[in-house]
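Student: As you go down the protein sequences, you meet chains A and B in turn.
Taking my numbering, I'd label the letters of the first sequence as residues 24 to 300.
Taking my numbering, I'd label the letters of the second sequence as residues 86 to 366.
Keep in mind the hints are simulated off the structure, nothing from the lab.
Note that the Cβ used here is the ideal one computed from N, Cα and C, for glycine as well.
A hint or two may mislead.
Chain A regions said to be covered by chain B (calculated; three or more residues, Cβ under 8 Å) [stated by the list, open to error]:
hint	segment
1	208-219
2	253-261
From the structure, some residues in chain B lie toward chain A, with a derived Cβ separation under 10 Å [what the hints assert, rightly or not]:
hint	residue
3	208
4	216
5	220
6	227
7	228
8	233
9	236
10	237
11	316
12	327
13	331
14	336
From chain A, some residues computed to sit far from chain B (all C-beta separations above 10 Å) [said to hold, decoys possible]:
hint	residue
15	154
16	199
17	228
18	229
19	230
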Amino acid sequence: MSRSARSPRRMLRAAGAGAAALLALSACSSSGPDSSPQSSQGSSASSGASGAVSGEVTVFAAASLKESFTTLGKKFEKDHPGAKVTFNFGGSDSLAAGITGGAPADVFASASPKTMKTVTDQGEAAGTPVTFVRNRLEIATLPGNPDHLSSLKDLTKSGLKVVLCAQTVPCGAAAQQALDAGGVRVTPVSYEQDVKSALNKVVLKEADAALVYRTDVQAAGGTVEGVDFPESAKAVNEYPIVRLKHAKNAAAADAFIALVRSAEGQKVLGEAGFLTP
Amino acid sequence: MTPPGEAGTARRPHTGRPRRRTRGGAPLPLLLPALIGLVFLVLPLVALLVRAPWRSMPGLLTSSEVWQALRLSVVCATAATAVSLVLGVPLAWLLARTEFPGRRLVRALVTLPLVLPPVVGGVALLMALGRNGVAGRWLDSWFGITLPFTTTGVVLAEAFVALPFLVITVEGTLRAADPRYEEAATTLGASRFTAFRRVTLPLVAPGIAAGAVLAWARALGEFGATITFAGNFPGRTQTMPLAVYLALQNDPEAAIALSLVLLAVSVAVLAGLRDRWMGAS
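Turn these sequences into a full structure, and let the hints guide you.
Tutor: Printed below as a string of C-alpha cells:
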C-alpha cells in the first residue's frame, strides 16, 4: 500500500518534467515554417573573377515567387554551367529576420518594401534595392463564383466566410489598404498567417472568399476563381531585390539579379501573373 | 482505497530522512551529458528572460488583446483536457484491460497524433470535420454546425493533439496497477463498470492526474493544428501561441513578452497543481 501512496508523487514529478519539455518543444515549433535557412553555407567558390559565374548562390525569396524563381533558377544554371542556385522561400518577414540574424544568403527578394527596409536598415544590403515586379490583390473565391462576388463590397454579404491575411504580413497590409480605399469594412472569420494559408482556406472550401495576390490565384489553377476589383490598384505591392553585403558569391548574385530583371526574367514573372514595375 | 492516515504515516519517514545518494558523486559519463542537457533546456528560457523588454512589459501586459488571448488559451486548454479525460480514460482502459483483435493497431493509431506534425493534424481535421469534410459536411447540412473558425474548433484541435498524451499515461498506470483488486470487486458482486468506477479509478487517479497535466500543457502550447483548423481571430480563435507567432512577424519584443506570460502561467498552474496534489495525497 505504501507503494501506491508514494506513486502519485513520482508520477507528478515525471509529468512535470515531461510538461516542461513539451512547453519547450511547442515554443520552438511555433517559430513558424521556413524560418530557418534550408541552404548550407555558400560553397567556397571564389567571389572574384568578374564575368565567370560559378559556384553556389543562395537566394532568399518571398513565398509568392516560388514558381517563377524556380523556373528562373533552372534557366540560370543552364546559362552558367558550374553555378548552382539554392532557394529559401518563405514569408518575407521571416526571411528578413533570418538575414538580420546572420543567415547565409547572397540575394534577398522581398514581397514588400517594408520588410526590405528592415534589412537595409541593419546595413545588410549591398547597394540600393530595386523593384523588379509588382503584384496586386484579387478576390479568390470558389470555382464558378457561387456567391456571385463582383466587387469588394460583396465581401460584406452576411453569411459569407471571408479570410484575410493578418495585418502583420504584407498581403494583410495590402488588403487593409484596399478595403480602406473602397471604404469597405469586412469582418473576416480569420486573419491567416500568410497568403498561402488564406488561399488554402478557399481551396479547401472552408472559406468562401479570400483577398490574395493575383499570382496566388493563378498558381492555384482551377481550384479557385479570381475576381478583380478596382480598389486593388490602390494597394499594389512592390517587390524589391538586392544583393546582400555578406554575400559569399557576389558575382553570381549580381548575375541572378540581372536575369530576374532581364526581358526573359520579366516574361517568366509576367506569365505567373506579376506586373512589370 | 488508502486510508489517509495510512498514506501519511507510510510517507513521512521517507520524506524526513535524507535520500540515498551515490557515494563519490555521479560518474562523469553520466554527469556531463546530464549537465549539457540541462543547459540546453534552460538556456533558451534564460535568454528569453535576458532579452525580455522589461521596460515596455507593463504596457504590453495590460493590453486587452493579451488578456483576451490568454483567457482563450486557458479556457480552451482546460476544455480540451476535459474532452481528453472523458474520451481518453475509457480508451486507455480498453487498451489496458481488454483483449480484442487489432488492439495493437488501435494503440498505434492512438499514438499517431504524437508524431504527426500538428499542421498536418490541422489539415486532417479540416478534411474530416471541415465544412466540406468527410463528416463535417453532414454536420453542416443536418445541424447547420460548422467547426472551423470557431472556439469549439480550437478545443477540438487541441484535444486532437493532447488526447494521446493522456491515453498513453493512463494506460501505463493501468498496466502497472494490480488487476486483482478489480477482480476481487467483481467476484464480490460488483459489475465491471462499478468495479471500474469504485476501484480502478481511485487506484489510477494519480496517473490520470499526470496525464491530464500533460494534456493540458500540450493543449496550452498548441499552435499548428489550431491555426490550420480554427484559423486566427482575436477573441474567438486567437490563442496565445498564435498571438506570439503573429507578433513575431513585426514586433519580436511583444512576442517575447507574450511568450513569458504564457510561460509564467503554465509554470504557475503546474506548480500550483503539484503542491495541491502533494498536500492532498
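Student: May I ask which of the numbered hints given earlier this structure violates, with the numbers listed in increasing order?
Tutor: 2, 5, 6, 7, 9, 10, 17, 18, 19
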